[in-house]
Amino acid sequence: MSEASGAAGSPALLAERLDADPTRRVAGYPVRTGRPLPFGATVVPGGVNFSVYSNHATAMTLVLFRPGESEPIAELPFPPSCRIGGVYAMIVYGLDVETIEYGYRADGAFCPEQGHRFDRGQILTEPYAKKITGGETWGEPRATREYRAQAGYDDFEWEDDQPLNLPPEDIVVYELHVRGFTRHSSSAVSFPGTFAGLTEKIPYLRQLGVNCIELMPIFEFDEMSNPRSNPETGERLHDFWGYNPLGFFAPKAGYAATSRQGMQIEEFKNLVKQMHRAGIEVVLDVVFNHTAEGNEQGPSISFRGLDNSTYYMLTPDGDYYNFSGTGNTLNCNHSVVRGFVLDCLRYWVTEFHIDGFRFDLAAILGRAPDGSLLANPPLLESLAQDPILRDCKLIAEAWDAGGLYQVGSFPSYARWSEWNGRYRDAIRRFLKGDEDTAGEMAVRLVGSPDLYEGRTPTASVNFITAHDGFTLHDLVAYNDRHNEANGEDNRDGEQSNNSWNCGQEGPTDDAGIRALRDRQVRNALLLLLTSRGIPMLVAGDEAGRTQHGNNNAYCHDELSWFDWSLVQRNHGLVRFVRSAIAFRHAHPALRGSGCGESHAGTGRYPDVSWHGAQAWEADWSPHVKLLAAMFHADSDGTQDWVYLAANAYWESQDVALPEPPAGMAWCLFADTGAAAPDDVHEPGQEPPLADQTRASLHGRSVLVLTARPAAEPGMPPGAAAPPGASET
Amino acid sequence: MQLEKHMHENVTVIALDGSLDSGTAGHVQQELNVMIPDQGQVLLDLSQMSYMSSAGLRVLLLVYRQSARTGARLALACVPDEVQSVLAATGFLSFFHVSATVEDGVAVLSS
Chain F
1 MSEASGAAGS PALLAERLDA DPTRRVAGYP VRTGRPLPFG ATVVPGGVNF SVYSNHATAM
61 TLVLFRPGES EPIAELPFPP SCRIGGVYAM IVYGLDVETI EYGYRADGAF CPEQGHRFDR
121 GQILTEPYAK KITGGETWGE PRATREYRAQ AGYDDFEWED DQPLNLPPED IVVYELHVRG
181 FTRHSSSAVS FPGTFAGLTE KIPYLRQLGV NCIELMPIFE FDEMSNPRSN PETGERLHDF
241 WGYNPLGFFA PKAGYAATSR QGMQIEEFKN LVKQMHRAGI EVVLDVVFNH TAEGNEQGPS
301 ISFRGLDNST YYMLTPDGDY YNFSGTGNTL NCNHSVVRGF VLDCLRYWVT EFHIDGFRFD
361 LAAILGRAPD GSLLANPPLL ESLAQDPILR DCKLIAEAWD AGGLYQVGSF PSYARWSEWN
421 GRYRDAIRRF LKGDEDTAGE MAVRLVGSPD LYEGRTPTAS VNFITAHDGF TLHDLVAYND
481 RHNEANGEDN RDGEQSNNSW NCGQEGPTDD AGIRALRDRQ VRNALLLLLT SRGIPMLVAG
541 DEAGRTQHGN NNAYCHDELS WFDWSLVQRN HGLVRFVRSA IAFRHAHPAL RGSGCGESHA
601 GTGRYPDVSW HGAQAWEADW SPHVKLLAAM FHADSDGTQD WVYLAANAYW ESQDVALPEP
661 PAGMAWCLFA DTGAAAPDDV HEPGQEPPLA DQTRASLHGR SVLVLTARPA AEPGMPPGAA
721 APPGASET
Chain U
729 MQLEKHMHEN VTVIALDGSL DSGTAGHVQQ ELNVMIPDQG QVLLDLSQMS YMSSAGLRVL
789 LLVYRQSART GARLALACVP DEVQSVLAAT GFLSFFHVSA TVEDGVAVLS S
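First to last, the sequence lines map onto chains F and U. Read in this note's numbering, the first sequence has 227 at position 227, and its numbers run on one by one without any break. Read in this note's numbering, the second sequence has 772 at position 44, and its numbers run on one by one without any break.
Treat the hints with caution; some may be incorrect.
What the hints assert, rightly or not - If you only want the chain U side, here are some residues facing chain F, beta carbon under 8 Å, derived:
(1) S778
(2) S781
(3) A817
(4) A835
No wet-lab data here; the hints were simulated from the structure. Beta carbons are placed, not taken as given, at the ideal position from N, Cα and C, and that holds for glycine.
Kindly generate the complete structure, drawing on both the sequences and the hints.
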């Protein structure tokens, strides 16, 4: 190369390296001592740098395959010169990265009582694998027993893209499953069930108004690993959700339309880039509490064979602790594993521009290697203080399957937010009309200051439903779970759901019940989207998606697909949700950081004030099923007021409205007691109430008003009385 | 993979015949570097392309970059459906003008 290639005009000398040639041959392949960092397989000039570590292995062998062939084409033991400490690193030259798959054999002791389970007979996937092959087509059994890795290119035309770094108080999270979102034949996308298909739905997301998608696991997993079948149909069940990671650095190939061409990385990067262009953040649901290797009966895929005692929490006898409910528990606060988790998250942020992470069963991340609870877990601190992750959203599912429930006490380092399970429980009970729930609902509405004292409301991710549990439609249509098709005699899934079927279990033709369900769904969504904190919706809830009462749909590859015909059939509900999201975006009063400072005597409105049947007089008696609040924000001289009243009682109740601010009139944004289309109004076009002093709330309904300039001083404009709000 | 170059009016048309993958990417890229003029119009005729992998796509993108640097105008013609799908799914389609036929591509580049 004498052309000093390119516009930059850099001297040709720099383009060449002194260490770019092989020094010896191993198994016929030209090799050279590799670089320990970065870990994993990295394409370098002329070859691939393979780096893998294990502190307890005695030797390591690189095993190369051709795609689809069961026997390896070569086995390359790492020579002593290719080892530094516990790291084995070797550059192998002349490999065609697209037609070579690789794995490792690790030598070492097999003595489970001491924690070691080495087995030379196993071909292992390395933890840093960027691509894992064999699962290119969803639902097809893999051709090979082991999960093989492949090196890939890491360059991508990002142009100027970066994570969006939206203020947490401004985001509306939309949890979705990549396949389930567009796999249904009604999705009308070119690439159903894939990253590319999701990219095609950006216009819908924009229109809906969500600005953060939270993707259920996209790390490589094996959807065919579920041994059960559906007892009703005999069909095989899947691991549809994917909370059993095989490869923490590899985007799931079966989620890419282009994985047959090996382009799942590029396809996923394009998804993130296009989301960012549309102003939508991408948060990944990540599973660092366990792996797909299960307990001692499970397969040896990667970590177990590479260094079992490092990666897993083990009892003194060498058995697996099971705080995850899946058979094993990743040893997160072991320093090696901590480094691995940090490397992984940094990879997703730097290489994929990911905006944040939601950590599955995150309470486990605060456990010591012996399972005990750490006061100051090094992993959580590292993640909270890491410079690359500094602006990332970090969201904890602050409990685990070992009985730890840390909502409100998860070590946050002023950085972590939590899935607020107590918000979910409180809002469900309140909506159902349970005794003594209005007081707690009030606290949940303003960011749960009882749980997050001294922090802002964005510590709380508020939600009513999540992938795990009933859909919102089913929450108001079923009292009990109906998981028979899961093959466990309806014993799996959450038993206490705080759900209410409104009078009949499941589908009904009863118009009254159907109307009540519609209202309850709107009540839930309206409360969620007017609550302080970070609201999270589940994809499809805005259109009435049902799982027919199944509240643990992890194993079904169709049950939770989004049927897009619902968007048309339930267009009134979609419109309602879209308007409620837009209303939230338009009103800083709903996104304030205060939880109820009074500003007494200053002449200023409190940022939250509580009301009831009488203005400025809240009644917190246990039997009261009425909640009324006024939110106020004053930013740069622009004032904003929102009044909310929620009636969880089955009969109508009247509320006296607080006097609107001078020159302003109360205008109706939403009244779930009114029939569509009068249940909601376009933000900015809310009609004034005819009666500015009082409103009547339909049984089980929510009313939201905003103060807008009155047309004439002291008097609301003479527009027609808005339906619903003033009629009794 | 075979490359063939001819002039169509003022447009340099380069036909790519065969599979563009990691096995052929290196030499294809070298040949394209030589064939693509620093200025002017270039049309890549992909009608005979049987397969394109990640490495192959990278060649197209590197050619795109090179032409963007030098000022050459670049378009693709007769993109096979599968290749078009891959370009669409990965977002790379937006970097290229794509024509259904060589004649259309020549016309667009000449205009």
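We went through each hint and held it up to the structure:
no., hint, result
1, S778, "violated (13 Å)"
2, S781, "holds (5 Å)"
3, A817, "holds (4 Å)"
4, A835, "violated (27 Å)"
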